[in-house]
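A.B. asks: Start from the sequences and build out the full structure, keeping to the hints where you can.
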Amino acid sequence: MPLMRDFSFVNDHWRKLADNEDVPRDGDVIINFTRLDEVADRLKAQTGKTGLHISNTVKPAQLQPLFNQIALISVAFPAFNDGRGFSIAKRLRHLGFTGNLRATGPLIADQHAYAKACGFDEIDLPETLAQRQTADQWQKAANAISLSYQRGYHRPATILDRRRARAS
Amino acid sequence: MYRYDEFDHRFVRERVLEFRGQVERRLDGSLSDDEFRPLRLMNGLYLQLHAYMLRVAIPYGTLSSRQMRQLAMIADKWDKGYGHFTTRQNIQFNWPKLKDVPDILDALADVEMHAIQTSGNCIRNVTADQFSGVAADEIEDPRPTAELLRQWSSLHPEFTFLPRKFKIAVIGAEHDRAAIKGHDIGLRILKHSTSGEVGYEIIVGGGLGRTPMIGKVIRDFLPKADLLPYLEAIMRVYNAEGRRDNKYKARVKILVHETGIDEIRKAVEEEFAASNRSAIAADPKEVERINAYFAPPAYETLPDTSARLEAAKSQDSELKRFIETNGFAHKEPGYVAITVSLKAIGAAPGDATSDQMRALADLADTYSLGELRVTHLQNIVLPYVKKDDVPALFAELKKHELGTANVGLITDIVACPGMDYCALATARSIPIAHDITKRFADPDRQQLIGELGIKISGCINACGHHHIGHIGILGLEKSGEESYQITLGGDATENAAIGERLGPGVTGDDVPDTIERIIDIYLAERQKGERFIDTYRRVGIDRFKGAIHATDA
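Those protein sequences? They're chains A and B, same order as listed.
Counted the way my numbering counts, the first sequence spans residues 1 to 168.
Counted the way my numbering counts, the second sequence spans residues 1 to 553.
FYI, nobody ran anything at the bench for these hints, they're computed from the structure.
Note that beta-carbon positions come from the ideal geometry of N, C-alpha and C, so glycine has one too.
Derived lysine to aspartate or glutamate pairs resembling DMTMM-like cross-links, with alpha carbons at most 20 Å apart:
| # | chain 1 | residue 1 | chain 2 | residue 2 |
| --- | --- | --- | --- | --- |
| 1 | A | K140 | B | E18 |
| 2 | A | K140 | B | E24 |
| 3 | B | K165 | A | D82 |
| 4 | B | K249 | A | D82 |
| 5 | A | K59 | B | D245 |
| 6 | B | K247 | A | D82 |
| 7 | A | K59 | B | E241 |
| 8 | B | K285 | A | D161 |
Beyond 12 Å from chain B on every Cβ pair, some chain A residues (computed):
| # | residue |
| --- | --- |
| 9 | D12 |
| 10 | P24 |
| 11 | T47 |
Derived coverage of chain B by chain A (criterion: at least 3 residues anywhere in the stretch with Cβ under 8 Å from a Cβ of chain A; other residues may be distant):
| # | region |
| --- | --- |
| 12 | 13-21 |
| 13 | 29-36 |
| 14 | 145-154 |
| 15 | 235-248 |
| 16 | 279-288 |
C.D. replies: Following this line, the structure appears as structure tokens:
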């Protein structure tokens with residue numbers, strides 16, 4: 001499905017595994033977190049990169065022991081106005097996850113900057129939504145609000161930092 | 001008061017431009033109606049019964065005369081010449097057109113105002129004591145805290161799609177004039193009992209609506225520097241754990257109620273301990289910068305008693321009544337804060353015409369250092385009036401029908417817009433307020449009855465705060481007819497309480513008679529020095545039950 005990174009559509013080399021598909025030995029795949037026990041061998045062998053897809057009710061601390069074995073965490077957004085995923089991203093980054101953090105769901109262009117500030121790197125969008133909200137609209141959203149009052153990931157200096165710089 | 005710097009200016013302008021784009025994308029179909037809805041709400045735009053409604057933020061209720069004049073201009077140019085001041089210290093315009101809204105937002109930005117987060121499932125406009133900075137019982141001015149929170153909560157990337165709306169109120173005095181226990185988070189500035197350090201008591205889980213709850217203390221003392229990290233911890237626990245399966249159970253009060261305050265406290269403290277506090281906490285320099293805007297004005301040295309006012313009072317009983325009813329003790333000798341009532345007999349509570357707004361702006365310039373405040377009881381305060389000037393001010397106010405001496409009395413009614421405007425309403429509110437004020441119009445009788453707050457909501461969402469009115473009136477619809485349920489004993493102050501239901505509902509026509517009978521019982525039972533709420537607490541609800549003559553239950 002269409003992948004959005006830094007306000008542009010990019011190619012997605014990850015393969016999302018359906019729940020009834022067997023876990024392959026090789027290749028970069030995203031597997032549902034509920035199937036964690038099926039990927040133990042794969043994680044040990046490191047023959048391909050592994051990503052885990054979690055629902056937005058999973059406690060981020062549960063994933064912490066796996067951080068150095070997984071390259072991607074995908075967080076489900078069942079609806080664009082269900083903001084739980086934003087807090088999950090914050091917590092995952094806080095706990096020390098440095099891999100690829102992906103939001104999966106129907107986020108809208110106006111939310112991309114928020115998602116990035118919370119620690120997400122990319123958004124996996126449903127096809128229909130990507131058709132409706134074209135690349136130029138995401139580009140425009142990139143520059144909509146150039147300033148912020150909160151420090152965050154992927155964020156230029158905040159208003160607070162700029163005020164401090166000006167004062168000193 | 002706070003003034004925007006270049007960054008605040010740019011931020012608000014960019015937000016307006018972004019909204020212009022969102023309106024265009026809605027019109028060309030790029031955004032679905034479902035997607036556009038929260039975006040317009042977070043810019044203050046509702047779709048009401050007859051038209052759009054734009055709710056403009058008045059952060060912690062503080063306005064300059066220049067801003068008030070601009071609100072009057074907006075009312076004339078894009079609305080029908082009036083505005084409605086709300087129980088959250090905001091102003092609503094009832095008749096704007098969607099295509100004009102970006103222009104209105106630009107006109108607001110011209111005077112350092114906006115409509116950001118006055119609606120939607122996000123952190124709403126932060127409210128505070130209307131007497132901030134001038135109240136004699138104040139420990140510390142809550143406005144710098146409220147301004148810090150305004151900035152921190154504006155377009156917060158993590159907390160803009162919460163389970164439900166989130167309201168914060170701040171008080172800096174012993175007496176609670178901001179109803180902090182009826183908010184999602186209430187902050188009370190206090191001195192530590194042993195060290196004397198100034199910090200916050202944090203209250204969480206209050207709220208009105210269909211399930212009224214009084215907030216509970218989650219932290220009895222928080223050092224000031226930890227405010228933002230601690231609030232982020234509360235917000236994160238709420239964002240993750242708050243219910244999303246039922247919008248009527250999605251407020252933090254339900255989470256606190258269902259989980260228990262001790263469990264919530266534990267979760268919040270864990271989140272707080274794990275957070276990177278220094279990255280979230282406000283810079284001391286920034287706190288200082290904000291504080292400086294709220295430094296006390298240059299007061300004149302005056303005797304506390306004004307000979308001029310005393311002489312005028314002895315000549316003019318109307319003036320005497322006005323100053324005694326609408327005056328509020330100022331911390332500075334010779335000054336008084338004057339509450340201007342927007343509750344003239346027969347008027348819609350909280351409404352002001354553009355002429356009245358301009359008059360208030362002019363009077364603020366002449367008599368109150370150019371500053372005004374909006375109260376959560378839907379009145380306007382002139383905070384810096386010299387006692388010497390009160391006679392002249394009162395004479396001017398009367399010319400604009402702003403001289404009603406009823407603050408805190410039975411005709412100082414809080415009411416939501418109700419069926420006359422609101423899409424959610426199940427009954428009328430404003431006409432009920434009219435009828436009650438007409439019934440109790442006699443000023444002597446109002447004085448005799450004394451302090452008494454009536455609050456009216458036109459549906460169970462409780463925007464008229466009926467749960468915390470000494471007398472609460474809730475308008476419902478029963479088999480096609482309006483039915484008004486009456487509650488007694490609500491209290492919005494530090495003794496916060498939810499009112500108790502008196503009996504079956506009464507018709508709209510019967511409301512004034514019913515109130516009349518409640519008042520008769522109160523006056524018969526009252527002991528010396530008691531207010532209505534004191535008598536009610538002493539004798540209990542049963543004594544009042546006879547006031548309901550159920551004709552149509």
